[in-house]
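Asker: Using the sequences and the accompanying hints, generate a full structural model.
There are 2 protein chains.
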Amino acid sequence: MPQTARPLSKKEIRQENERVILEAAEKVFAEAGFGGATMQLIADLAGLPKANLHYYFPTKEALYRQVVQAIFQDWLKAADIFDDAPGPVEGIGAYIDAKMEISRRHPAGSKVWASEVMHRAPVIQDYLETTLVEWTEGRMAVIQRWIDEGKMDQIDPRHLLYMLWATTQHYADFGHQIETLNGGAALSDDQWEAAKASVKSIILKGIGAES
Amino acid sequence: MPQTARPLSKKEIRQENERVILEAAEKVFAEAGFGGATMQLIADLAGLPKANLHYYFPTKEALYRQVVQAIFQDWLKAADIFDDAPGPVEGIGAYIDAKMEISRRHPAGSKVWASEVMHRAPVIQDYLETTLVEWTEGRMAVIQRWIDEGKMDQIDPRHLLYMLWATTQHYADFGHQIETLNGGAALSDDQWEAAKASVKSIILKGIGAES
DNA sequence: TCACATCCTGACCGTATGGTCAAGAAGTAG
DNA sequence: CTACTTCTTGACCATACGGTCAGGATGTGA
Chain A
22 MPQTARPLSK KEIRQENERV ILEAAEKVFA EAGFGGATMQ LIADLAGLPK
72 ANLHYYFPTK EALYRQVVQA IFQDWLKAAD IFDDAPGPVE GIGAYIDAKM
122 EISRRHPAGS KVWASEVMHR APVIQDYLET TLVEWTEGRM AVIQRWIDEG
172 KMDQIDPRHL LYMLWATTQH YADFGHQIET LNGGAALSDD QWEAAKASVK
222 SIILKGIGAE S
Chain B
22 MPQTARPLSK KEIRQENERV ILEAAEKVFA EAGFGGATMQ LIADLAGLPK
72 ANLHYYFPTK EALYRQVVQA IFQDWLKAAD IFDDAPGPVE GIGAYIDAKM
122 EISRRHPAGS KVWASEVMHR APVIQDYLET TLVEWTEGRM AVIQRWIDEG
172 KMDQIDPRHL LYMLWATTQH YADFGHQIET LNGGAALSDD QWEAAKASVK
222 SIILKGIGAE S
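Protein sequences, first through last, are from chains A and B.
Just so it is clear: in the first sequence, position 57 is 78 by this note's numbering, and no numbers are missing.
Just so it is clear: in the second sequence, position 133 is 154 by this note's numbering, and no numbers are missing.
The reader is advised that the hints may include incorrect statements.
[Unchecked claim] Here's a subset of chain B near chain A, in silico, CB distances under 10 Å, partners left out:
| id | residue |
| --- | --- |
| 1 | E52 |
| 2 | T59 |
| 3 | M60 |
| 4 | A64 |
| 5 | D177 |
| 6 | L182 |
| 7 | T188 |
| 8 | Y192 |
| 9 | N203 |
| 10 | G204 |
| 11 | A215 |
| 12 | V220 |
| 13 | G227 |
[Unchecked claim] Pairwise CB distance ranges (calculated):
| id | chain 1 | residue 1 | chain 2 | residue 2 | range |
| --- | --- | --- | --- | --- | --- |
| 14 | A | K31 | B | G68 | 29 to 35 Å |
| 15 | A | A106 | B | G68 | 52 to 58 Å |
| 16 | B | K71 | A | D65 | 29 to 35 Å |
| 17 | B | A91 | A | E170 | 27 to 33 Å |
Just so you know, these hints were derived from the structure itself, not from any lab.
Here a beta-carbon is modelled for each residue, glycine too, at the ideal position from N, C-alpha and C.
Answerer: Quick look at the structure:
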């Protein structure tokens with residue numbers, strides 16, 4: 022006998038609703054910016070009355086904060102690849118792949134992040150100053166080690182990191198421009214692969230890490 | 022005898038006020054986004070009463086449109102360098118310099134542009150589809166010629182352009198993040214030079230255009 | 001000087017938005 | 001079953017915003 026649609030438990034209800042709201046909020050914040058987003062729009066997209074949003078998230082700011090924090094977590098996770106790699110070809114190559122994949126699968130998140138930083142990080146400045154600074158210093162050390170081991174050219178690790186972020190996130194943040202220049206169509210699988218290959222090729226060769 | 026402060030002519034008044042308003046608007050739109058910006062904030066920054074803004078620019082949209090169009094013009098101008106260059110080292114090198122300089126001197130403009138594109142270009146979509154497409158195709162042809170002449174590797178010109186845009190504009194759009202990672206201080210002259218040098222070095226070597 | 005066009009601005013208006021609330025529906029635990 | 005906690009939602013509120021307008025100030029051209 023198939024499981025009947027028994028009523029959801031309170032815990033499940035809460036989890037599910039928070040998930041639905043956060044998902045809708047990310048989309049709306051990405052498309053309209055914080056100022057342009059309205060609770061009503063988010064509510065409609067989530068399929069809930071507006072008052073229900075305020076039951077789970079007291080204010081628009083609180084909801085936005087949660088969205089940004091979730092994105093930041095994703096962002097950091099993509100970087101684990103970096104540490105275990107024996108050299109720049111594997112490490113940076115895999116990092117580019119991972120970040121390009123995020124840009125493809127999760128463009129709204131990338132846009133919200135970009136918007137937040139562009140507006141001087143009113144909500145996550147403390148994260149930038151602590152977690153991001155630590156993370157960056159750690160990766161810079163890894164890159165410096167590769168340089169010392171002669172596995173790549175003497176490049177300022179800082180600017181290399183900026184370049185990696187800029188290039189990979191560009192495919193999400195400026196995805197609309199890229200689509201327009203692609204005749205109005207989203208990039209195909211092959212085009213995404215070509216993009217990844219181009220980025221990896223130029224950067225890895227550019228830092229003297231290939232062949 | 023020094024020129025007395027004679028009253029401004031109507032024409033001068035109009036020019037000056039439009040300039041002041043557009044300048045303030047660019048800053049506010051960059052910092053708050055279109056939705057977050059208010060006419061009152063722009064008016065305060067411009068030092069004019071709000072009603073005066075509506076005298077020169079009928080609506081918030083009209084004002085925003087003018088700001089974005091001005092930025093787009095700047096953006097295109099930076100590209101003339103491209104055409105006269107004998108090869109990628111000079112052409113792309115100078116283009117990177119020019120765009121980095123814009124990012125440094127004119128970060129608000131870059132942010133407004135980024136925001137506009139991120140929100141699916143509600144205001145300048147027609148420009149993207151015409152002027153930008155033409156411009157891009159022209160530059161792609163130049164790059165392809167360099168490839169055919171053996172002056173650089175066989176790289177998809179499209180992705181190279183995206184990389185140039187992404188990397189150079191990153192220093193404006195994510196300037197706040199970069200400052201935070203720089204200990205909270207704006208980049209010094211030397212640091213800007215180092216940034217330019219890193220970007221040029223990695224890209225030019227990465228496309229096989231150096232030595 | 002005078003008639004006119006342009007510029008200026010405080011006061012005002014309609015609307016949309018973030019947020020509240022009270023009363024009821026629905027799951028829960030003893 | 002009962003007392004409870006949690007969830008739901010239409011109606012409501014105060015505020016802030018984009019935009020208007022009338023009437024005065026200021027430059028202009030004859």
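Asker: Which constraints among the numbered hints does this structure fail? Numbers only, ascending.
Answerer: Hints 3, 4, 14 and 17 contradicted; others consistent.
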